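**Student:** Spelled out, the chains give:
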Amino acid sequence: MDQPADIILAIENLSLGFRGLKALDGVGLSARKGETISVIGPNGAGKTCLINCITGYYRPREGCILYRGRNIIGMKPHQIARLGIGRTFQDPTTFPHMKGLDILMAGRYLHTRTSLLEGLLFFGRSRAEELASRQRVEEIVAFARIEEVRKVPVLAMTYGQRKQVEIARVMAMGPGLVLLDEPMSGLDEFMKEVVNELILDMRQRNITIILIEHDMRAVMELSDRVVVLDHGKKIAEGTPTEIMRDEQVAEAYLGGLSYEREAA
Amino acid sequence: MRRRGKSRTDFVRDLAIIGSGRHWLAVALALSLLALLPFVLRWTHNLNWLTFLNFTLLTVIAVLGLNITTGMAGQLSLGHAAFVLAGGYALGVFTVKLGWPFWGALPVATLLSGIAGFLVGIPALRLRGFYVAVTTLAFFYIIQFVVRNIEITGGIHGLIGIPYPYVGGLAIKSDIRWYFLLLVFCVLCILASVNLTRSRLGRAFLAIRDNEDAAANLGISVGLAKLRAFFIGALFGGLAGALWASYVSVVKLDQFTIWDSIWYLGMMVIGGAGSTAGTVLGVIALRLTSQVLHSIGSSGLIPLSSNLTIYMTYAIFGIAIILFISFRPFGLIAMWQKLKANYKRWPFGT
Amino acid sequence: MPQINTIVQLIISGVLVGGIYSLIAMGFVITYRSARVFNLAYGQFAVLGAFLAWTFIGPPGSPRLPLPLAVFLIIVSAVGLGLLVEFLFFRRMIGRPLFASFMLSLGLLALLHGTIMLVWGPESRVLGATVPKGPLFLGKFVLAREYLWSFGLALVATLGFVYLFRRTRIGLAMRAAYDNQVAARCLGVSARLNSQIAWVICILVATIGGVLIATVNGVSIGLSELVLLVLAVVLVGGLDSLVGCVLGGLILAIGSNFTSYYLSQYLVGVESIVSVSLMLLVLLIRPDGLMGIKMIKRV
Ligand SMILES: Nc1ncnc2c1ncn2[C@@H]1O[C@H](COP(=O)(O)OP(=O)(O)O)[C@@H](O)[C@H]1O
Ligand SMILES: [Mg+2]
Numbered sequence: 442m443d444q445p446a447d448i449i450l451a452i453e454n455l456s457l458g459f460r461g462l463k464a465l466d467g468v469g470l471s472a473r474k475g476e477t478i479s480v481i482g483p484n485g486a487g488k489t490c491l492i493n494c495i496t497g498y499y500r501p502r503e504g505c506i507l508y509r510g511r512n513i514i515g516m517k518p519h520q521i522a523r524l525g526i527g528r529t530f531q532d533p534t535t536f537p538h539m540k541g542l543d544i545l546m547a548g549r550y551l552h553t554r555t556s557l558l559e560g561l562l563f564f565g566r567s568r569a570e571e572l573a574s575r576q577r578v579e580e581i582v583a584f585a586r587i588e589e590v591r592k593v594p595v596l597a598m599t600y601g602q603r604k605q606v607e608i609a610r611v612m613a614m615g616p617g618l619v620l621l622d623e624p625m626s627g628l629d630e631f632m633k634e635v636v637n638e639l640i641l642d643m644r645q646r647n648i649t650i651i652l653i654e655h656d657m658r659a660v661m662e663l664s665d666r667v668v669v670l671d672h673g674k675k676i677a678e679g680t681p682t683e684i685m686r687d688e689q690v691a692e693a694y695l696g697g698l699s700y701e702r703e704a705a
Numbered sequence: 005m006r007r008r009g010k011s012r013t014d015f016v017r018d019l020a021i022i023g024s025g026r027h028w029l030a031v032a033l034a035l036s037l038l039a040l041l042p043f044v045l046r047w048t049h050n051l052n053w054l055t056f057l058n059f060t061l062l063t064v065i066a067v068l069g070l071n072i073t074t075g076m077a078g079q080l081s082l083g084h085a086a087f088v089l090a091g092g093y094a095l096g097v098f099t100v101k102l103g104w105p106f107w108g109a110l111p112v113a114t115l116l117s118g119i120a121g122f123l124v125g126i127p128a129l130r131l132r133g134f135y136v137a138v139t140t141l142a143f144f145y146i147i148q149f150v151v152r153n154i155e156i157t158g159g160i161h162g163l164i165g166i167p168y169p170y171v172g173g174l175a176i177k178s179d180i181r182w183y184f185l186l187l188v189f190c191v192l193c194i195l196a197s198v199n200l201t202r203s204r205l206g207r208a209f210l211a212i213r214d215n216e217d218a219a220a221n222l223g224i225s226v227g228l229a230k231l232r233a234f235f236i237g238a239l240f241g242g243l244a245g246a247l248w249a250s251y252v253s254v255v256k257l258d259q260f261t262i263w264d265s266i267w268y269l270g271m272m273v274i275g276g277a278g279s280t281a282g283t284v285l286g287v288i289a290l291r292l293t294s295q296v297l298h299s300i301g302s303s304g305l306i307p308l309s310s311n312l313t314i315y316m317t318y319a320i321f322g323i324a325i326i327l328f329i330s331f332r333p334f335g336l337i338a339m340w341q342k343l344k345a346n347y348k349r350w351p352f353g354t
Numbered sequence: 549m550p551q552i553n554t555i556v557q558l559i560i561s562g563v564l565v566g567g568i569y570s571l572i573a574m575g576f577v578i579t580y581r582s583a584r585v586f587n588l589a590y591g592q593f594a595v596l597g598a599f600l601a602w603t604f605i606g607p608p609g610s611p612r613l614p615l616p617l618a619v620f621l622i623i624v625s626a627v628g629l630g631l632l633v634e635f636l637f638f639r640r641m642i643g644r645p646l647f648a649s650f651m652l653s654l655g656l657l658a659l660l661h662g663t664i665m666l667v668w669g670p671e672s673r674v675l676g677a678t679v680p681k682g683p684l685f686l687g688k689f690v691l692a693r694e695y696l697w698s699f700g701l702a703l704v705a706t707l708g709f710v711y712l713f714r715r716t717r718i719g720l721a722m723r724a725a726y727d728n729q730v731a732a733r734c735l736g737v738s739a740r741l742n743s744q745i746a747w748v749i750c751i752l753v754a755t756i757g758g759v760l761i762a763t764v765n766g767v768s769i770g771l772s773e774l775v776l777l778v779l780a781v782v783l784v785g786g787l788d789s790l791v792g793c794v795l796g797g798l799i800l801a802i803g804s805n806f807t808s809y810y811l812s813q814y815l816v817g818v819e820s821i822v823s824v825s826l827m828l829l830v831l832l833i834r835p836d837g838l839m840g841i842k843m844i845k846r847v
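Protein chains in written order, with my numbering: chain A, 442 to 705; chain B, 5 to 354; chain C, 549 to 847.
These are computed hints drawn from the structure, not numbers from a lab. All figures in this text were calculated on a predicted structure; none of them were measured in a lab. Just so you know, even glycine gets a beta-carbon here, dropped at the ideal spot from N, CA and C. Hints are not guaranteed to be accurate.
[Claimed, not checked] One side of the interface only, derived from the structure: several residues of chain A facing chain B at Cβ under 8 Å: (1) 528; (2) 530; (3) 537; (4) 538; (5) 547; (6) 557; (7) 567.
Using the sequences and the hints, build the whole thing.
**Tutor:** Written as structure tokens, this is what we have:
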């Protein structure tokens with residue numbers, strides 16, 4: 442398959458299984474630079490598994506994942522992060538005991554080079570890098586409106602603040618590809634708006650985004666294309682308006698089956 | 005009101021260990037008090053307290069190391085006393101058996117202990133939680149076994165006649181001179197420990213402590229970070245052990261037992277795991293408790309044999325650890341911070 | 549060939565001792581499996597049990613109380629102690645991070661150690677008759693009667709455990725609690741009852757183990773080293789497997805029998821290092837133990 446040069450992420454025929462269960466089954470997807478692609482689907486459809494495959498936490502049984510033309514299957518999570526792929530986690534209590542500021546500063550890990558010795562002696566690059574990182578982090582803090590939680594450990598934050606910090610952390614990493622796992626679930630309208638703004642900002646910076654989200658309004662507003670998963674299979678792909686009209690999608694979301702599954 | 009944005013000077017100040025003029029004053033005051041302390045003790049004929057202070061300083065150095073491995077990076081270590089032991093024996097072997105000068109042997113002994121830490125970290129790479137603790141425990145017994153069975157460490161008799169250091173022609177022999185030497189080392193170690201918390205590596209440690217998986221997505225190589233945590237922790241432990249050996253001029257197997265590993269953990273938890281200041285507080289608190297018990301025991305106020313005092317100490321340390329873990333899991337440092345915050349808000353209640 | 553006889557002898561006594569080891573290890577596993585407590589104070593519980601037994605039974609020849617009454621009192625005090633320990637210390641640990649219960653068990657270790665030494669002192673004591681003692685000749689081989697008895701008791705207790713975990717409602721509840729304490733509570737499993745039962749069993753087993761070993765080795769604080777052995781047994785076998793306990797116990801007992809027979813004159817303290825190195829080896833090669841199940845990690 443010949444690909445346009447600006448394809449950042451190309452996934453083909455991705456399959457993942459846990460013992461008997463097929464969590465992903467021949468999923469394909471591609472994203473151009475700066476595009477926002479939403480992945481939707483009922484609970485248990487395999488959306489999080491998809492992200493886990495891309496970020497190296499799960500090893501797919503079959504298929505390939507090319508990031509900037511390079512196969513990243515088999516690479517360790519930290520190696521993949523070093524290529525500039527950042528993600529949020531569905532449960533935003535990622536670093537329960539760390540303070541907001543520390544988390545964002547940790548997000549700058551890849552942008553600093555201070556060695557062990559320099560760190561212990563606080564000498565050489567250490568100070569300069571700390572100040573530079575802090576400068577960038579403060580911009581993000583102001584933008585993400587998380588001034589209040591600079592010195593607050595995650596466990597003492599509200600759920601919304603945790604989600605904000607989680608996204609701010611990924612922004613601090615300065616990635617080329619961002620994978621967001623349900624950034625708005627569990628938030629009220631106001632907080633959803635805040636998160637929406639953050640995602641829009643990343644879009645404007647030409648960052649490629651894979652967005653997993655149940656909130657259809659946000660999906661409609663933010664995404665260039667929408668991919669629908671159900672039972673690990675891709676059942677539809679298209680522009681937001683196309684997807685809204687698709688009958689299969691409505692079936693997957695509203696059909697009796699998914700209700701039963703959620704009730705179980 | 006929300007404060008938006010911060011000026012650049014603000015985070016320069018945030019970065020500094022000593023933020024304000026008042027803070028400087030407090031530190032200067034504390035340091036000069038510490039410098040005056042031995043003279044006061046001499047004047048009041050309480051020189052035995054100087055020995056207590058010296059051992060406390062040594063313990064602070066050792067426990068700061070454990071605080072890096074366990075408190076910051078979350079790698080449960082029951083073997084920290086083994087690194088102290090390794091440092092002590094290394095210094096003993098280099099000076100007594102090989103005739104090296106103290107200042108040549110000290111860095112090598114420290115580094116060797118660090119390397120031992122690195123080696124312990126290797127099995128820990130694939131393991132988590134309790135399993136890491138058990139690995140370090142196993143390692144403790146293995147080191148002990150090796151030291152007991154090889155010739156050069158003097159077997160069960162240990163090594164005696166470890167030389168004292170000279171600083172600028174001055175023999176560090178008396179308790180008072182040792183006090184100043186140890187004070188300098190201790191302050192340097194505290195600085196290094198604080199520096200670590202304000203560098204990328206320190207934050208990487210916190211991240212792997214809280215969530216190894218998510219830390220990897222920050223680009224942190226979890227394995228390497230664990231190895232480094234063990235390495236640095238053992239470095240501090242080894243330094244403490246080497247200085248210890250020279251201070252008491254002997255090194256023996258029963259100087260550092262598995263109980264010391266447990267006390268180190270206890271001191272760290274009582275002070276506040278992960279916090280440098282907390283660790284120092286915790287060491288002081290437990291050491292002071294044991295010293296007070298000891299003084300009561302030997303003063304004859306209550307008829308306690310020296311053995312009974314020791315058992316009392318075990319029981320009381322145990323109770324202290326249990327109480328803190330149950331009711332004050334963030335330790336003395338958190339209590340202090342809360343007190344400070346309440347004081348600032350006064351009289352507007354808690 | 550005399551060599552063969554020695555080897556068979558070492559294996560037979562290894563099997564007997566291994567049975568006792570596995571029983572003791574199960575007491576450790578039960579609190580781990582139902583409350584996720586990695587109980588490092590376990591050795592001290594065994595010592596406490598042994599000293600209590602000594603208090604009731606007394607030294608040989610001069611029994612303080614008739615044996616059945618003493619046994620009854622030992623069991624009652626072990627149960628009481630289990631309830632007390634659960635109530636005072638570990639109930640607060642439900643839902644707390646693993647580090648907290650780990651440190652708590654260390655604190656308890658120190659507290660018990662200090663208290664035992666304050667009450668009974670450091671001297672080793674000989675325990676009066678509990679089970680028949682003395683050699684039993686079986687053809688060319690010699691068996692120690694006390695080992696045989698202990699092995700029998702251990703076997704009964706082990707079968708009891710397997711029955712409890714596999715066949716009873718409470719066993720099912722305990723297994724559920726191991727997987728997820730909060731979810732188990734939602735299903736109507738009482739966390740408190742669970743944890744009480746686990747601690748009672750834990751201390752009961754520690755006491756039985758302590759008494760059995762004290763019958764052979766005497767009562768002293770040195771018994772607390774038992775925890776090292778227990779750790780080795782459970783980690784070699786696999787922390788979440790009862791069958792693993794048995795396997796681990798046998799491997800360690802036979803292994804240390806052989807090393808102490810063949811090596812102890814050359815290396816000081818080699819017996820104790822064998823279990824530790826074996827454990828380290830298994831951790832390196834199979835971190836989940838020989839019989840443990842590798843869990844799928846969920847991110
Ligand atoms: N580590 C795992 N082990 C076993 N099954 C898993 C694991 N991770 C996910 N699954 C299963 O894969 C399916 C897809 O899960 P997931 O990707 O989390 O769904 P969602 O679309 O809601 O994010 C689910 O049935 C889930 O139970
Ligand atoms: Mg999901």
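**Student:** Are any of the numbered hints broken by this structure? If so, which, sorted upward?
**Tutor:** Checked against the structure, no hint fails, so every one of them is satisfied.
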